[in-house]
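Protein chains: 2
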Amino acid sequence: MHTDLLAHIARYVALAPAEAQLVRDHLVLQTVPRKAHLLVAGQPCCASYFVLHGCLRMYFITEKGTEQITRFALENWWLADYASLLSQRPSQFFVQAVEATTVSVLDYARQEELLARVPALERYFRLVLQRVAAADQTRPVFQFGLSAEELYHHFVASFPGFAQRVPQYMLASYLGFTPEFLSKIRARPPAGKAGPLGAQIS
Amino acid sequence: MHTDLLAHIARYVALAPAEAQLVRDHLVLQTVPRKAHLLVAGQPCCASYFVLHGCLRMYFITEKGTEQITRFALENWWLADYASLLSQRPSQFFVQAVEATTVSVLDYARQEELLARVPALERYFRLVLQRVAAADQTRPVFQFGLSAEELYHHFVASFPGFAQRVPQYMLASYLGFTPEFLSKIRARPPAGKAGPLGAQIS
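Chains as they are written, first to last, in the UniProt record's numbering: chain A, 1 to 202; chain B, 1 to 202.
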């Protein structure tokens, strides 16, 4: 249980066996069917989720009533609404399973206790969050800097497996397109401009 | 020197006097005149900057040749290109002083050594980066969820001092408007819809 998370932690910091056991003791394994929600807007986000298997999406409902996807999380990615987690105010986001998904759940109320007992995890999460910040900073360069068509082809070239795995209408929402516009782009051959530029999908 | 940064750290973690001294020893104080650059695209980002006094902006040049501002940093904010910092590959961003600005500079090569000697800083930066993640996640809710006019009035209501401090053309770039469009919005009275919603400016 939680083996892939412990392996992920081991990439960044070394834990003693007793510390690894403490981590296991503080986690809950949860499997959610496709389309089930881990977080619903209006409720506070109470946990961080590490994807062991499957795929999650994070979205909010715009004033026009459409779903706007802001993040995906595949295997080995953490997902949480950090603003709600920190304030314990109602979240503006939904977190939903795109596929049947298994997650390691780190309850926020128990997180600080765990980190106090296993200080190496402070370093682990600092390094993980640095990568989140790097991805979030880079995203506007593609969003503002590339044409819609270049953005799509850049995304597919960077994450070929991912583009196959996620329904096209979700990909369209994430990229800020209508599904019709995405269909039109997909029907045309790529112009050969945008290659893998090292962006992140969440 | 670096007093405000040490006060900021003390909000999150307690440092022993010897640890605080180690922090001071690892920092460099730098004052840059208005319009001077701390980072130029094409060069790797080699440090994180904590604003003691003044204001920085982070921007990139789009393919159309226009400046797109992605972040501002006022007093008590950290700014760095984390993607470049982590990879030491050339940055895509510029970091420029909007006003004469004084920063505490934490050199990336020395950062890991400092954190190894003062482990409480792992916790400090983890907590700071959680807030960065919270701000980055919340931003699209306003960008996608509000009309351009609502977005501007929300921004001014949330950061009244800031909107006075930054030239209007920079505010327009950050919000994704043309300067002309921002002038038009400013000339109209607010519709009384968007209040302070707790967003962050960086």
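Worth flagging that the hints you see were computed from the coordinates, not collected in a lab. There could be a bad hint or two in this list.
Remember, identical chains collapse to one label, so a pair may be satisfied in a single copy or spanning two.
Heads up, simulated EDC-like pairs for lysine to aspartate or glutamate below, C-alpha to C-alpha not over 20 Å straight-line [unchecked claim]:
| id | residue 1 | residue 2 |
| --- | --- | --- |
| 1 | K35 | E149 |
| 2 | K184 | E75 |
| 3 | K64 | E149 |
| 4 | K64 | E150 |
| 5 | K64 | D25 |
| 6 | K64 | E19 |
| 7 | K35 | D25 |
| 8 | K35 | E67 |
| 9 | K35 | E75 |
| 10 | K35 | E63 |
Structure-based check of all given hints:
Taking the shortest Cα distances, K35 and E149 never come within 20 Å of each other, neither inside one copy (29 Å) nor across copies (35 Å). In this assembly of identical chains, K184 and E75 lie within 20 Å of each other by CA distance neither inside one copy nor across copies; the values are 30 Å within and 46 Å between. Only between protomers do K64 and E149 lie at most 20 Å apart by alpha-carbon distance; the minimum there is 15 Å, versus 25 Å within a single protomer. Taking the shortest alpha-carbon separations for K64 and E150, only the inter-copy value of 14 Å comes in at or below 20 Å, while the best intra-copy value is 27 Å.
Proximity of K64 to D25 under the C-alpha cut-off of 20 Å is found in neither arrangement, the shortest distances being 43 Å within a copy and 53 Å between copies. Taking CA atoms no more than 20 Å apart as the test, K64 paired with E19 passes in neither setting, with 48 Å inside one copy and 52 Å between copies. In the homo-oligomer, the alpha carbons of K35 and D25 never lie at most 20 Å apart, since the shortest distance is 28 Å inside one protomer and 52 Å across protomers. Only within a single protomer do K35 and E67 lie at most 20 Å apart by alpha-carbon distance; the minimum there is 14 Å, versus 40 Å between protomers.
Taking the shortest alpha-carbon separations for K35 and E75, only the intra-copy value of 17 Å comes in at or below 20 Å, while the best inter-copy value is 43 Å. When the C-alpha separation of K35 and E63 is checked against a cutoff of 20 Å, the pair qualifies neither within a copy, at 22 Å, nor between copies, at 38 Å.
The earlier numbered hints that this structure contradicts are 1, 2, 5, 6, 7, 10.
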